[in-house]
Every structure is written in structure tokens, then in C-alpha cells.
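Listed here are the chains, written in short residue letters.
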Amino acid sequence: MRHTISVLVENKFGVLARIAGLFSARGYNIASLSVSETLDPGVSYMTIVVEAEDEKTLEQINKQLNKLIDVITVTDFTKKEHVDRELVLAKVNYSFKDKAKLENILGKYIGKVIQHKGDTAIIEAVGDQKQIKDLLSELVKFGVKELVRTGRLAMTY
Amino acid sequence: MTGAQILIECLKREGVEVIFGYPGGQVLPIFDKLCDAGFNFILTRHEQGAAHAADGFSRATGKVGVCIATSGPGATNLVTGIANAYMDSIPMVAITGQVKTFLIGNDAFQEADVTGITRPITKHNFLVKDVRELARIVREAFFIASSGRPGPVLIDIPSDVQLADTEFIWPEEVTIRGYNPTLFGHPGQIKKAAKLISQAKKPILYAGGGVITSGAHHELRELAERIKAPVTMTMMGLGAFDGTHELSLGMLGMHGTAYANHAIMNADLIIAVGARFDDRVTGRLDAFARGAKVIHIDIDPASISKNVNVDIPIVGDAKNVLGQLLEEIKNKPDASDWLKTVEEWRSRHPLRYKEDGKIRPQFVIEQLYEVTKGNAIITTEVGQNQMWACQWYKYLHPRSFISSGGLGTMGFGFPAAMGAKLGCPESLVFDIAGDGSIQMNIQELATCVCNKIKVKVLILNNGYLGMVRQWQELFYKKRYSFTTLYNPDFVKLAESYGAAGMRVTKKEEVRPAIEKAIAIDNTVFVDFHIEPEENVYPMVPAGEAIDKMISGLA
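Residue numbers (the working numbering), protein chains in the order written: chain A, 1166 to 1322; chain B, 972 to 1525.
These aren't lab readings, by the way, just hints derived from the structure by calculation. A portion of the hints provided could be inaccurate.
[Unchecked claim] Computed from the model, here is a short list of chain A residues facing chain B with C-beta under 7 Å:
#1 Ile1237
#2 Thr1240
#3 Val1291
[Stated by the list, open to error] Here are the simulated DSS-like cross-link-like pairs (lysine-lysine), alpha carbons at most 27 Å apart as the crow flies:
#4 Lys1244/A with Lys1034/B
#5 Lys1071/B with Lys1221/A
#6 Lys1071/B with Lys1232/A
#7 Lys1221/A with Lys1100/B
#8 Lys1232/A with Lys1277/B
#9 Lys1228/A with Lys1071/B
#10 Lys1162/B with Lys1264/B
#11 Lys1262/A with Lys1282/A
#12 Lys1232/A with Lys1100/B
#13 Lys1228/A with Lys1519/B
#14 Lys1177/A with Lys1264/B
#15 Lys1162/B with Lys1221/A
#16 Lys1221/A with Lys1264/B
#17 Lys1162/B with Lys1228/A
[Unchecked claim] A short list of chain B residues far from chain A (calculated; beta carbon distances all over 10 Å):
#18 Thr1086
#19 Phe1139
#20 Trp1141
#21 Arg1148
#22 Tyr1150
#23 Glu1217
#24 Ser1276
#25 His1320
Using N, Cα and C, we set each Cβ at its ideal position, and we do this for glycine too.
With the hints as extra help, turn the sequences into a complete structure.
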């Protein structure tokens, strides 16, 4: 099962390697990872989506993260009320006949065309896990040439 | 002050007296200041020796061990020693030189990414990029190494930082926002644990190295005596509870006593203190102590419920938590039938070996115990020598047994003995070695002789890599693949370094040789030619339940 964990860390060189090393040394797989500065430039915020087979693995991940000296707090979103979002950029076929159809779909998913050249457009879309998944399955029909995703961001109430 | 001067000043303020190390190009500025700094600096003959010696010093004294090496190969030679300290939670500060800051990442001469290499084997590590950060980093390193669940911390200092000038500011206090070890047990958990203890019919205390680290041996003894629970120890826990006490079951696990293994497998309550249910202890996990509830006291939350499901986890320092428990326990469990059963196991399955005219290694260690009356510091190498030392010497005091637990590092015992002797100069220090292991850091003979570190090395010489040979005998149809050793003349070898050497080939010479080794005012090697194919029993085959033991003399 996939779990979302946020980690507040000291903004120092090597911290990302410590976190990544912790996962790789134990054979845990990171599905997505996003890192950015917070309002306090000394602190970074990481949102990590991990595959954990069971509660025990998830508990170990939490505990091991907490053991790192540079980790300030760890929040597991699994059982917490939260919102999550992901931003997607995609380069898709943008032929005249599909234009309306595509825009219609993007409208459903808080997405828009941000640039187009000839028969290719770059679109952006923001949504939660399910929305992004649904959007991608519809976009495939148009022919996706390139795709980048930020990975999940999450926040509790 | 320069970076090098700041480092020296910080080490002094941290109370460091002994430093083990080896010089090199990128630590020249530090060594220039070390020369007359007043430390007892021990020049080892290999950086690995320095790391193990610092580790042994720490295990014997409880203080932070310090070692220093140059960049690149100097630092990578420390790696095994650092990993060893990490696995056994030993407080250590390792200082390495690094190439100049502007050369980092350039594949410069003797450059290695040492903070990268040691990241998974240190509690924390630092690369000092700015001399103004050095004092704070050294202070934090010592604090992190010695608090919470202790461990090694590495400080990598580029040589230009060692030479850079700045004002020295000693940080009086250390605050690290991401690091606040829990020291006292949660009162609610303590209450629950006390209740469970009072209801237990078949309780057992399972003590690990954490008891020794935290200095909780008095509390452990009081608890055991108060609730009349037998005590078994992990290898790291030997010495935490008096091995001659009637409640002591000795070590448990793969080569533990049969009575300890039977007791823990049949207990209805396991009180684990500073131990981590390592695979060498539990054997087959799904068969381990199925009828037992588990109280687990540990300072590291990540150790709890990692291998074995725990009913009452208590995060905290063992000494504090046991103290809290002792205050809370009002009703003692009635466990007299249980103790009777345990005693039956003890008398039915004692540790034993064949007593004939040959030199059996168990006999050598028994004699060592009798001669020293348990008042020596024993270090070991890894393999059969180590397991015999666990089984046949009775450890009366914490910090009297020093051995590589988690990592199982051959070559640890001899340099660790040096470190222990420097930390406890009044104590007799023996390294129980095998003919294989001793050759892994034998160069430290020079260090011992030069510095008059009079440790006594007892080589249980069977001409084999004994433990591997034992596995090959039992599980690989006696195909002894590369386990037969050609050995040097250990007596002449010791003598060539200026140490004393003795050879023992007859059983009746064993005890006089040990007595003579103690009497000789020098580093001594005693080469005992033991029965070559003697095995360590009892033994739990890998992957079996720990009450499914093979015993040699069934």
C-alpha cells in the first residue's frame, strides 16, 4: 500500500542522501519525493510517498526517519485527514479536430493548455491522486509525447 | 586560533585523554598541534587498529573513544572499525582529514567521499566546510555519540579548514532540534508493565548491551531478585548480571546455554532490557517464545517491535526505567514452580565438553577464569574463540567482556584489548583469540610493545578458521573449503616484536602458562595447540527454533 509521509528536515547538504539512503538500505521503495524550502530557509519540507507492505514496515520507516539527527518532525498522513495535490505537465498532440475535446477534459480536472506550437501543446493539471490518474488515462488517447509529475504534496488540517 | 588548534582545544574540553591514530598528508596540521598537546596519543600500525582500540577503550571505560586518520585510504581503513562500533552502539568520535575544500569532488590525491561512505554506519557525520563551525560540530559530535543510543560520529575536516583562522568560541550548550532522546519511561506504560509482571507465572529477564551502556546493572539485579526471575543475557549483555548468581542462565541464542533457551521459549513473560531480539538470539522468529508476553525497554524506539511483536513497549534509558519499575512493582509474581523447572533444565543440560588428556579450548578458558577469579577484562576475536569465551568464562562485572557483537569483526579483539588496557591500566586484560583472527590485526604487536601495553593474548590455535570449518563439517559434508590455515610461529613472531611468546602443547601446561603470562611484565602471546576439530556446542542450526539445539555430547 502507498503511504504519504512528510518530513521536516534541516536544510543542509547531505540530508537528502541520508533520507534516500535510509530507504535504499532497507529495500523500501520511494514512489515519489518532493523537496522544497519552507518560509524558514533553515528548514526543508519533504513529502515522500512510499510503498509499505504492512503496518510494521511503515512503523519502521517512521522510527528510522525520526532517528536521523537532521530530521525535525515526521508526519504520517495515512490516518490523518489531509489534502494532497500533484502537478502534471504533459506534451500532447493538439490537432485542430481534438482541440475542443481536450479542452473539455482539462476543464474537468483543473487543467489548461499553457503553450502550443503547431500540433503539439504543453498542458498542466493539478489534482489529487485519483484525479491525476483519471486524467492521465484520458490523455493517453490524445497521444502523450512527454510527461513530468511533481510527486505528491500533502497537508493536514 | 587555527582549525587544528580549535580541534585540540575542543578535545581537551571534552575530557579526552587517549587518542588512537595514524598520520597522513591531510591531517598534518592537526598532527603538528597534537605533538605537544598533552594527550596520550597512541600511534597504531594500521588505522583499523586505531578504530578498534578507540572502541575497546570506550567499552572498557564508558567514555567516548577517539581515533584519527588521514583522508582517502586512512579514512577507508577506519570504516570497519566504525561499522563495528555502530552495530554495537559504542560512543566514538572518528576524525578524518579531507582534501582541501576547493578540491573536494575533483578526484584529488587521497580523496574519498568519507561522509558518503560512512553515512549508513555512523550515528551522524559532519563535513566541516567552514572553520567557524568547527567548535560547534565537535561539541555536537561528542554529544550525539554519547547520548541516547550511543554510536560513532565522524568529523571530516579538509586540511585548509585545519589551517584557517578564526576566533574560538566554545558553545556551552548543545541544542539540536531534531534530537531529543527519551530518557524516562512513560508512567502509564510503567504501570501496565508492573501489572503484567505481578501476574506472571513464568517471567524471564532478557538483558542486552543497553543495560551496560546505561549502567543499569544494580537495578537489573534488584529487579531479578525482587521478582525472582531468571536472567539471560545476549552476548553484548554478558557482565550486566553476575554470571555466578543463582538466577543467571548465561547467554542465550545460537550458542547459548540450553537452559537459557528452554527458559525463554517457555516463559509467559519476557522482560527485555536494552536488547534487540537479534536473529542470533531468536532463531526462527515465528517459533520464538510463542506463549510469552513481551515488555521491551529500550532507548531506541526503532528497536522495539522491529523483530518481535511487543505487548508493552517502554522507550527510555534502562537505568531510569528499571528504577521506575522497581518503585511501581508491589505484588511479586509467584514463580517458585517456574524456578524449579528452570533448575531442572540447568541440571539436565549443563554446558559440557569432553574431559580427556587433550587441550580442549573450553578447559583453557575455564582455567583462565579460575586463575583470574573472574576479575579480568576479556576481549575476544570472532568465531569459535568468541563463543567459548562467552560460555566458559563467568563475567561478574559490566564492561569485563568486550567483543564484536553485531558486525562480528575478526581482528577486533587484539586492538580492543589495547584500548581496554589503556582505559583500565590496573586491570588484567586478555584477548581470547583464534589463529585466524589474531592475524587480522597482528601488526598491533608493535603498538603494544612500543607503548608498554601489556595485554595477554591467548591464541586457541586449531589450525583452522574454526567456526567456518564447523559449519562445513555439519552442513557441507566436511568439505573444508579454504578453512585450513598455514600459520607462522607465533612464539617467534611475538619475540621478533619484542613481546614474550609461549607455546602450550600439553594439558598440564595450560594453567602454569596462564599464570606465567600474568607474571611476565610484557605483552604476551600464548599459543595453545588445541584439539583441532573441537566444535562449539550447543548449537542451533541457522533458521531453526532456539530450543532445537544440537549438542556434541548427547
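Against the structure, the hints:
1. Ile1237: holds (4 Å)
2. Thr1240: Where the cut-off is 7 Å and the nearest Cβ of chain B is about 14 Å from Thr1240/A, the hint is violated.
3. Val1291: violated (31 Å)
4. Lys1244/A with Lys1034/B: violated (43 Å)
5. Lys1071/B with Lys1221/A: Not satisfied, since the Cα-Cα distance of roughly 44 Å exceeds 27 Å.
6. Lys1071/B with Lys1232/A: Not satisfied, since the Cα-Cα distance of roughly 31 Å exceeds 27 Å.
7. Lys1221/A with Lys1100/B: violated (39 Å)
8. Lys1232/A with Lys1277/B: Answer holds: Lys1232/A to Lys1277/B is near 14 Å, not above 27 Å.
9. Lys1228/A with Lys1071/B: Violated, because 36 Å separates the two Cα atoms, which is more than 27 Å.
10. Lys1162/B with Lys1264/B: Holds, at about 15 Å.
11. Lys1262/A with Lys1282/A: Given that 27 Å is the threshold and the Cα spacing comes to 15 Å, the pair holds.
12. Lys1232/A with Lys1100/B: holds (24 Å)
13. Lys1228/A with Lys1519/B: violated (33 Å)
14. Lys1177/A with Lys1264/B: This hinted pair is violated, its Cα atoms lying about 43 Å apart.
15. Lys1162/B with Lys1221/A: holds (25 Å)
16. Lys1221/A with Lys1264/B: holds (18 Å)
17. Lys1162/B with Lys1228/A: Judged against 27 Å, a Cα distance of about 24 Å means the pair holds.
18. Thr1086: violated (6 Å)
19. Phe1139: Check passes; 23 Å lies beyond 10 Å.
20. Trp1141: With a cut-off of 10 Å, Trp1141/B remains clear of chain A, as the shortest Cβ separation is near 21 Å.
21. Arg1148: violated (5 Å)
22. Tyr1150: violated (5 Å)
23. Glu1217: holds (38 Å)
24. Ser1276: violated (7 Å)
25. His1320: holds (34 Å)
Figure legend: structure checked against the earlier numbered hints; hints not met, in rising order: 2, 3, 4, 5, 6, 7, 9, 13, 14, 18, 21, 22 and 24.
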